[in-house]
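*Asks:* Take a look at the letters that make up each chain.
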Amino acid sequence: DGGITQSPKYLFRKEGQNVTLSCEQNLNHDAMYWYRQDPGQGLRLIYYSQIVNDFQKGDIAEGYSVSREKKESFPLTVTSAQKNPTAFYLCASSIVGRGEQFFGPGTRLTVL
Amino acid sequence: QQQVKQSPQSLIVQKGGISIINCAYENTAFDYFPWYQQFPGKGPALLIAIRPDVSEKKEGRFTISFNKSAKQFSLHIMDSQPGDSATYFCAARTAGGTSYGKLTFGQGTILTVHP
Numbered sequence: 091d092g093g094i095t096q097s098p099k100y101l102f103r104k105e106g107q108n109v110t111l112s113c114e115q116n117l118n119h120d121a122m123y124w125y126r127q128d129p130g131q132g133l134r135l136i137y138y139s140q141i142v143n144d145f146q147k148g149d150i151a152e153g154y155s156v157s158r159e160k161k162e163s164f165p166l167t168v169t170s171a172q173k174n175p176t177a178f179y180l181c182a183s184s185i186v187g188r189g190e191q192f193f194g195p196g197t198r199l200t201v202l
Numbered sequence: 045q046q047q048v049k050q051s052p053q054s055l056i057v058q059k060g061g062i063s064i065i066n067c068a069y070e071n072t073a074f075d076y077f078p079w080y081q082q083f084p085g086k087g088p089a090l091l092i093a094i095r096p097d098v099s100e101k102k103e104g105r106f107t108i109s110f111n112k113s114a115k116q117f118s119l120h121i122m123d124s125q126p127g128d129s130a131t132y133f134c135a136a137r138t139a140g141g142t143s144y145g146k147l148t149f150g151q152g153t154i155l156t157v158h159p
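Residue numbers (this note's numbering), protein chains in the order written: chain P, 91 to 202; chain Y, 45 to 159.
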């Protein structure tokens, strides 16, 4: 089955630790995205990439970092500089120039 | 900086009723307006979408109405069912430049349909 996988589904970390969220897709999409979802705020774009080895900051990139070494993978690192990292994180992919983005099931990160 | 404003934040309708969710945007450089449906604990999925050269698009019980001059668009769910209970997001796609393809989402509407 083609789709997007995110792991883990739930993640708990202590304050001050960096943590990396995994996102893999087998849809052969060039574009990939990371969103953060908080109640009442919709989805806010963290980073996006339209091609391997290139990525752009979204609206709330501070405290986050990404890499795009392979077309299929777009991991997100939540660093200790992110002041309020507890949230639901969603990864998505799309064909460049096409409107529809396909979302993964999300990772719920809780920082204790 | 919120460029897409969505209302209401929550909506309760009875089974068989009509659910209406509204969105307004400011940026005229948007060229595609999708609606996403999200169930609890899941990622959003595309429900229906419209381009600005069309005033209305219907797919089954779901209809998008688009008013380009007013910079507003809305989702109508006819004959609402309990299975429609979910969070709905409107979005707008940036038309060009280095941000081409970027979606800006509204804040979301939690729809509850009572049996």
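Treat each hint with caution, since some may be false.
Unchecked claim - Heads up, simulated DSS-like pairs for lysine-lysine below, C-alpha to C-alpha not over 25 angstroms straight-line: (1) Y:K59 x Y:K102; (2) P:K161 x Y:K49; (3) P:K160 x P:K147; (4) Y:K59 x P:K147; (5) P:K99 x Y:K49.
Said to hold, decoys possible - Every beta carbon over 10 angstroms from chain Y, so not counted as near; a handful from chain P, in silico: (6) P98; (7) N116; (8) L133; (9) E159; (10) T176; (11) E190; (12) Q191; (13) L202.
As the list claims (entries may be wrong) - Computed footprint of chain Y on chain P, listed as stretches where at least three residues anywhere in the stretch have a Cβ under 8 angstroms from a Cβ of chain Y: (14) 103 to 111; (15) 160 to 172.
These are computed hints drawn from the structure, not numbers from a lab.
For glycine and all other residues, C-beta sits at the position ideal for the given N, C-alpha and C.
*Asks:* Output the numbers, in ascending order, of every earlier hint that fails for this structure.
*Replies:* 2, 4, 5, 8, 11, 12, 14, 15
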